[in-house]
Every structure is written in C-alpha cells, then in structure tokens.
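Colleague: Sequence:
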Amino acid sequence: MLAAFISASSFVAPTALDLITFDGAPRSTFKFVELNDPVMGGQSHGTWSLGSAYGVMDGEVKDVPSLQAPGFIKAAADGSFADISAAFGGDLVIEARSTTPNYKGFRVTFAAGTLSPAYSCAGGGSIPFSRGCFKAKFSVPAGDAWSMIRIPFNDFSDKWSPATGEQTVTCAASEDVCPTAKVLSSIIRIELWAEGADGKVHLEVKSIRAALKSADALLLHSVARFNTSPPKRFMSCSGPLQHGLRFGISGRTEPTVPVPVEANETLADAVCCDTRAKPFAEPQFLFAAPDIALFSKLDTGMTTFYDSVCGLPLFRAPLNRTLADFKADTEEHGWPSFRRAEVVTGNVVTDIKSGFVTSKCGTHLGSYLPDKQGPRWCMDLSCISGVAAS
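Numbering (the numbering used here), first residue to last: 56 to 445.
Keep in mind the hints are simulated off the structure, nothing from the lab.
Heads up, some of the hints might be wrong.
If you anchor each label on the Cβ, the simulated ranges turn out as follows [said to hold, decoys possible]: (1) Ala443 x Ser351: 18 to 24 Å; (2) Ser293 x Phe184: 28 to 34 Å; (3) Ser229 x Ala177: 29 to 35 Å; (4) Leu122 x Phe335: 56 to 62 Å.
Even for Gly, the Cβ is constructed at its ideal location relative to N, Cα and C.
I would like the entire structure built from these sequences, with the hints used as guidance.
Modeller: Encoded structure:
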C-alpha cells in the first residue's frame with residue numbers, strides 16, 4: 056500500500072516522536088550525504104542541500120545503459136536516532152513537499168540491528184548478512200503546502216530488490232520481514248531514495264517522525280502501556296513509565312528479573328517500579344547489549360540521564376572526569392556508575408544504610424556501592440533513560 060497523506064494543519068503533534076528535523080534540535084538533527092547510482096555507467100545524479108529548516112534532494116534518475124533500467128539517487132544520515140518503539144503499530148510520518156509530485160519512485164528506508172547499515176541498505180536482504188534495512192514507497196501530493204505523508208510501519212520490509220527497490224517479500228506475506236518494536240528502538244540509519252523510475256526529482260523534507268495511527272490508536276496504546284505497570288499493591292512508582300525511553304530500553308519488553316512478576320511488565324517496569332524486584336537489578340552489562348549500546352548513543356560532551364517515570368534530571372556524566380573514565384567505571388561494575396559530582400543531589404535520594412537509591416519522585420534507580428575511589432552510584436539504565444519533563 057502506498058502512503059496516505061493529510062494536510063499539515065490536521066496533524067496532532069503530541070502523538071509524534073521526532074526522528075529527523077532541520078531546526079537544529081540536537082537529538083533530531085543529523086547530516087545527510089548524497090549518494091548517486093554506483094553501477095558502472097550509471098547516469099543518475101543528485102544533490103542534497105539545506106533550505107530554511109528543511110532538507111532538499113534534487114536530481115534526476117536515468118536508465119543505466121548497460122542494464123536498460125532506471126538507476127537511483129539517495130541521501131543517507133547515520134547516527135543514534137530516537138527510540139520510537141512507542142509508535143510500534145503506527146506510522147512513519149514524512150513532512151514534505153515536491154515540485155515533482157508525479158515522480159513514482161520515492162522511497163524511504165531505516166536500518167537497525169545491523170553492524171553495517173550501509174551494506175544492508177545496499178543489499179536489501181538479497182545478499183548474505185544484509186537484513187535489517189527496511190524500505191517502503193511513498194508519494195507526495197501536488198501543491199506548495201507542506202503535507203504529512205503517513206507510511207504504516209507494516210508497509211515496510213527488509214527484503215527488497217537492490218535493482219528496483221521493490222519488495223521481494225512483504226510484511227503482509229511474512230512477519231519475518233516486518234519491523235518490530237526492538238527495531239524501532241534502535242535505528243541507526245535513515246535514507247531517502249528516488250529509484251525504480253526515470254525522471255526529474257525535487258523533494259523537500261521538513262521532518263520525519265513516528266506517530267500512532269489515530270486518536271483511537273493513541274487511546275488503546277495508552278491503556279495498554281499503563282497496563283504494563285505492576286499491580287497497585289506492588290507499584291512503587293508515582294506513575295507509569297514514559298513512552299519511548301532512551302537508549303533502546305523500551306525495546307526490552309520482557310521482565311527478565313529472577314522473581315515472579317506480571318508477564319505483561321517490561322524490564323523497566325519490573326526493575327524500577329515493582330517492589331517484588333527491588334532487591335534485584337537489570338541484567339549485568341545490559342548497557343553493552345547490541346540493542347542498547349549505551350556508549351554509542353551518548354550526547355556529545357556530557358549526557359544528562361533522566362528519571363524513566365517523571366523525567367527529573369538525575370545524573371550528568373562525565374563530569375570532572377573523562378568519558379574513558381566513566382566508561383571504565385561502568386564496565387568494571389557492569390552497570391552505569393556515577394561519582395559524587397555527577398549526581399543531581401536534589402533529585403536523588405540515597406539510603407546509605409540499605410544502599411537503595413531512588414529518585415525524588417519515587418522511582419527505584421539502583422544501588423549505592425562505594426569503592427576505594429569513594430562514593431559510587433551504580434544505576435539501572437532502565438530507570439534513568441527517560442526524557443526531560445516538560
């Protein structure tokens with residue numbers, strides 16, 4: 056199914072999670088690089104440039120003479136993108152406009168769970184080890200106004216032809232090729248394509264977001280999300296977890312703790328909010344798991360870690376030491392480890408006697424475990440992966 060579109064004015068912003076913007080916001084601003092058809096003799100050509108708070112892909116797709124078939128142009132951005140697993144079952148939303156609305160070869164891809172996203176997004180699952188790059192078509196309506204183009208996540212597949220861009224196996228035919236919540240939590244590459252059709256191409260993109268399908272879906276999602284919280288008698292948090300926790304934590308949907316808890320709880324629900332699991336921690340070295348990879352997702356310079364429930368700032372690291380020191384401390388213990396200067400003391404409550412550490416709003420965070428270097432706060436990443444409270 057091709058993407059549907061609605062007018063920009065009718066889009067409900069609070070239901071969206073930003074992946075790409077061109078407004079300078081640090082968590083959603085990424086550098087795109089243009090790539091033209093590399094096939095020998097390819098005639099397609101394109102450029103990528105920046106307008107006023109939007110990106111522009113401009114060029115022309117032409118036949119590759121030796122293949123007698125259209126080539127492609129594309130623009131790609133690499134990085135650690137926002138965790139959008141809360142929008143699983145919803146849509147990718149591209150805010151765009153085009154002076155070539157009749158062009159039939161617009162496509163978008165996102166990659167996750169692959170060691171080489173560039174390789175996966177060249178192979179489309181047709182060559183060994185090239186799974187993990189999910190592609191779908193979209194079209195752009197005519198007109199000068201910005202349009203919100205919604206592409207259901209179940210329209211994407213990570214098996215497609217690198218020659219044409221057409222899917223070789225659809226999500227409707229096999230769940231094996233569909234993006235999962237885990238995939239949406241750890242996107243590391245996004246690409247915009249013009250391929251599989253000859254013609255002039257001019258595409259302007261203002262943003263790429265993830266969104267729930269409708270107000271009904273939002274309501275159902277909110278109810279389902281709340282129901283992952285522990286039962287009231289075991290619930291220690293001030294409310295449910297935030298949607299879209301950072302670092303891929305929302306992708307951990309199973310409560311892997313060594314005590315019985317509710318089957319519908321997520322790992323963060325169990326570790327941060329369930330009193331039955333309070334003496335236990337998330338799995339050691341979770342921060343280094345392939346779907347988490349904490350140290351590849353930190354902000355430039357210093358990262359602020361926020362409460363996964365209420366969004367209070369809790370820790371800032373590295374502070375008064377190097378990133379290498381912070382990483383070494385964390386790797387030595389197996390959980391993110393902070394020193395005194397890195398603690399936002401007004402928001403972190405430390406019980407020296409029991410060793411339990413909680414936030415001011417009641418979220419269980421981890422343990423106070425001093426060592427020969429002095430005070431040390433060893434935290435569950437699950438509980439400090441929130442976003443800042445509004």
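Colleague: Now tell me, hint by hint, if it's right for this structure.
Modeller: Verification of the hints:
Ala443 and Ser351 have their C-beta atoms about 21 Å apart, which keeps the hinted 18 to 24 Å range intact. As the Cβ distance of Ser293 to Phe184 is approximately 45 Å, the hint placing it in 28 to 34 Å is violated. A C-beta distance of roughly 22 Å is found between Ser229 and Ala177, which places it outside the suggested range of 29 to 35 Å. Evaluation of the 56 to 62 Å hint for Leu122 and Phe335 yields a pass: the beta carbon distance comes to about 58 Å.
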